[in-house]
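Make a model of the complete structure from these sequences and hints.
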Amino acid sequence: MDITVNILLTIATAATPLLIAAIGELVVERSGVLNLGVEGMMIMGAVCGFGAAYLTGSPWIGVLAAIVAGALFSLLFAFMALTLATNQVATGLSLTILGLGLSGMIGTNFVGLPGVRLPNLYIPGLSDLPIVGKLLFGQDPLFYASIALVFAVSWFLFRTRKGLMLRSIGDSHSSAHALGIPVIRYRYLAVMFGGACAGLAGGHLSLVYTPQWVENMTAGRGWIALALVVFASWRPLRVLAGAYIFGAVWIGQLHAQAFGIPVPSQFLSALPYLATIVVLVLISRNKRLTMMNTPASLGQAFVPDR
Amino acid sequence: MKSAGEAANLIEVRGLTKVFGTLTACNHVDLGIRQGEIHALLGENGAGKSTLVKMLFGSLEPTSGEIFWKGQPVKITSPSVARSLGIGMVFQHFSLFEALTAAENIALSVDDGTSLDKIAAKARDLSKTYGLPLDPDSLVGDLSVGERQRIEITRCLLQEPDLIILDEPTSVLTPQEADKLFETLERLRAEGKSILYISHRLEEVKRLCDRATVMRHGKVVGACDPSKETAASLARMMVGADVATAERTPIELKDAPELLGICGLSRKPAGPFSMPLKNIWLSLKAGEVLGIAGVAGNGQGEFFEAISGEVLQESADSVRIRGKSVGRMGISARRSLGAAFVPEERLGHGAAPRMRLSENLLLSRHATDRKAFIAPGGFVKNGMIQHATQRIIEVMDVRKSAPDPEAASLSGGNLQKFIIGRELDRQPAVMVVNQPTWGVDAGAAARIRQALIALARAGSAVLVISQDLDELFEISDSIAVMHNGELSKPLPRAEATYERIGLLMGGAEPGHTDPHRPEAA
Amino acid sequence: MRIELVKRPERSKLFSALSPFIAFALTIIAGAILFAALGKNPLTALYTYFIDPITQVWQLHELAIKAAPLILIAVGLAVCYRANVWNIGAEGQFVMGAVAGSVLPVMFPETVGWWVLPAMLLMGAAGGAAYASIPAFLKTRFNTNEILTSLMLVYVAQLFLDWLVRGWWKDPAAYNFPQSVQFNPSAVLPELAPMSGRANWGFIFAIIAAVLVWLMLSKMLKGFEIRVLGSSPRAGRFAGFQQSHVVFFAFLISGALAGLAGISEVSGAIGQLQPSISPGYGFTAIIVAFLGRLNPLGIVAAGLVLALTYLGGEAAQTALGVSDKVARVFQGMLLFFVLASDTLIHYRIRIAGLGAKSSEAA
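Chains as they are written, first to last, in this note's numbering: chain A, 1 to 306; chain B, 1001 to 1521; chain C, 2001 to 2362.
These are calculated hints, taken from the structure and not from any lab test.
Treat the hints with care, as some may be off.
[As the list claims (entries may be wrong)] Rough simulated footprint, nothing fancy, chain C against chain A, three-plus residues with beta-carbon under 8 Å: (1) 266 to 278; (2) 281 to 291.
[Stated by the list, open to error] Some chain C residues well away from chain A (every beta-carbon gap over 12 Å; in silico): (3) Glu2010; (4) Ala2017; (5) Leu2060; (6) Gly2113; (7) Trp2115; (8) Val2116; (9) Thr2144; (10) Ala2157; (11) Gly2167; (12) Ser2196; (13) Arg2198; (14) Leu2212; (15) Phe2248; (16) His2346.
[Said to hold, decoys possible] If you want a taste of the chain C side facing chain B, the calculated C-beta under 7 Å gives, among others: (17) Arg2002; (18) Lys2013; (19) Lys2170; (20) Met2220; (21) Leu2221; (22) Gly2230; (23) Ser2231; (24) Ala2239; (25) Gly2240.
Beta carbons are placed, not taken as given, at the ideal position from N, Cα and C, and that holds for glycine.
Here you go:
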């Protein structure tokens, strides 16, 4: 019984960074912008979060630093892709390359240092309940934040006027512009929200998941988050489901390695990446579904006439 | 301070100028619109009408000049400023969102925080009052062009504007739908609203409008009372010269061979918002120009793709070119049989915008003129292509700024002349053209129409798909109508009237029965 | 203050030619600021980074060794990106090419003969192409996003190589070090001028590939097909070209060139398989492709520049004591500045003052 609870707990911990990064990117893509720099923003969040927490001793300052680092780093993308109308695919890639390099430089002196872990929430009484106690009331704070984010984003997109505007921009930026909706400003805000989320996701890695700094510790999670958005066909609740499926795959292969299943560990490690491909194939086979849901102006540069 | 005439103006612009780079789109334009009038803004494509109204609606920033609203100077810095003043706009290329519902679309231009349900209810009421039926919960992508326009107009009326700007509103309507629109507009005028009506259709301007302002090359060149003018005199003001109409000599087609045959062509909808084709039959003989009328979005694009071979058919027999069944052949093979195609969209379909004219020549002719243009080993013969490009440019009188410019740098009319010329240069036996003169100036349009007739009379078959009824009546020997993916029986020119064609465009008669069609499928 | 873009009627020839230079100059300036921030004298640091590593002949050989894989891969990527096919998994194709090409020297180490090397190179190219055909197939058959699939396959390829050199292909005589047997001499790519340095034939392959692909892209119908489908797919279909053919063509060419780069690296510069055989060549080549403006001849120059950032990174680490990650930072900045400068080709930049209309207020 305890093993099951522990596995479920670790799945939640593995799913949380994917979920946070993906929900941020979902908002970005709903506004019609494709930011492939999630991996780069995430690793910047991870290194800055770790560093701030280590230097101040406060994991909460670490969380804040991770968010701010991700948002500021995304601003670089926003300036390029939105103000200078550069190719979004290439710009996102360069954000990832730069992020991996910068984080390596910043983190040179952090390698091997003991990290500061964000403490789990503990509610006396409730957390001691059997099974559900730990699952529902004894997790790290970012777990709750991630769940809240999903519902907040869903509410924002489908229940508020500003959310409607954001979706309309993603559907047709030129129509939105003709109506006087400030396309570029909305997109800036969306990109920065995505950056803040990616940064927070990175912070989760270096403050909760494995409280230490390791180079390239995001290990492709930013890319998997991007795939999750496609998998979820741009729906927040489906991102939640997708993130937990991937969390399960990630944890499953780790446990399989630990149990000494007679398959080379490298093959098990490759599973999350292969699973991503399989899932993408399954979802994109349904061409009609993809076409219906993809924001129509996704990835296209917008330069208004003035 | 102001004279009485100015004081009566709801909106007045003085010296309004807009410069894009080296192009002066609007050059010191003066215009006044009175309370309760329908004011026409006339001009050819590229005369600066759209630029002018975009400045009035705050979508574009004037380079210089002043705007007065109810006598007060105003700066209209954004569409929401325009809306709060009381200016509403119905766009030519709709500013609607396909993936959103009608109600959501309407809500987007209501600047306060009214709830979606209230907006839907209000829209339903309003649309009933003005005879503009619509369903607030339907996805815009699923709607016809006419329905979309109703949403645009309802959206505009919901803000209770004093001035309504309509940009080419009838270009997407059947004659009967247009009549209904005119009733709505007349009712609005009776309520004291002002309407700025942009059109190049002179008959409807004569019928509807109280005053007219005419623009040419970015300048106001005249003002008049359209009811006192003739269509010809208005046209002369717009173009600055007499407008040539194409000459068409009648032709006897009895014994002419069939060059293009469409036999029971059907096609499933390709995307979420596209039209299926339903059992289309058609036969085109040598020497004939056949016109296909229809409101935009009734399957014309899908039909064109099916004939051209950009999309293959399930049955080889559904398309015949010069007696050969080509349903399973691609566009290059169909071209090699003597067919030529000109699609509706010039930039990005008929031509690659960022490629030079010579490269765009190769675009449609690399397969048919392989011997002339491609050397063994797959190398492109640049000299030969340049030569042919210059020939087409001369024959079609294509005006351009550089010896071999990028396609996107040409005006719509000149690029269309090049694209049509590129196909005519091959003397095709079958020519299929979608919207030959859409967005093209009058001079180029006349030239293109005459060239199409000449091609037919020299023994080719010409199929013209167009939403411009005047054009079809000018050049076609017979006219068929496409509605909802079905094609009517072609009417000989002598039997076709605007009214009959208009009814067919509105879906009055379902698809015709062809004598050759098998009884049961 | 706000930056506005004004579309040019035609692309600017001037900025087409200048943009890589502007980008490089901006990178140097940003680099100077970076070094100053790290407490180093910017001029000395820049000298150490960009000049010092290429002052001697043997160093030029090292430059060629680093440039060869970058150019080979980037030339293939240029074909992809011109076709609007986003292959970002060249790193994986590089690894799989190296693995496929190493089958002969690792599994049959006794085999000798003049034909061994050509066979290895062919198998390397075939391996890279085969691996690249996976995202091509998924894209054409299932409409799956090639960016994500090709990238995921990089991780898979790296793990596969890791398993090989720690498991099946481990050299039993290597005291448990994760590496394959040393290639025998007839499986080693010869050096060009052994007297002056280590540069091998890989660099010659890169130049040949660049020239051939340049000919194809700019002079042949195939290149026209690629450019049309890449820049306006609908016009390409109207021309009778098939999207799926070009997707496969681009992936196979770039996969083959990345694979060739992989086996050349292993057989030339390294001499055996190791867990890690590339310092991110597959990703850096993306930068090379853009810095070379997707023109194979420009890519040759760009490849040398990016190769220099690797050498400079090593030099900076030893001489200045900064992290060798500084190379990645330089590379990232370079790509940013290239993309930003490319904006000038299509747009004029206008800076609107605060007093001017702000249409996005309200």
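Here is what the structure says about each hint:
| no. | hint | result |
| --- | --- | --- |
| 1 | 266 to 278 | holds (count 8) |
| 2 | 281 to 291 | holds (count 5) |
| 3 | Glu2010 | holds (16 Å) |
| 4 | Ala2017 | holds (19 Å) |
| 5 | Leu2060 | holds (25 Å) |
| 6 | Gly2113 | holds (33 Å) |
| 7 | Trp2115 | holds (32 Å) |
| 8 | Val2116 | holds (28 Å) |
| 9 | Thr2144 | violated (4 Å) |
| 10 | Ala2157 | violated (9 Å) |
| 11 | Gly2167 | violated (6 Å) |
| 12 | Ser2196 | holds (32 Å) |
| 13 | Arg2198 | holds (27 Å) |
| 14 | Leu2212 | holds (25 Å) |
| 15 | Phe2248 | holds (17 Å) |
| 16 | His2346 | violated (8 Å) |
| 17 | Arg2002 | violated (12 Å) |
| 18 | Lys2013 | violated (11 Å) |
| 19 | Lys2170 | violated (47 Å) |
| 20 | Met2220 | holds (5 Å) |
| 21 | Leu2221 | holds (5 Å) |
| 22 | Gly2230 | violated (10 Å) |
| 23 | Ser2231 | holds (6 Å) |
| 24 | Ala2239 | holds (5 Å) |
| 25 | Gly2240 | holds (4 Å) |
Going down the numbered hints, you'll see the structure goes against 9, 10, 11, 16, 17, 18, 19, 22, while the others check out.
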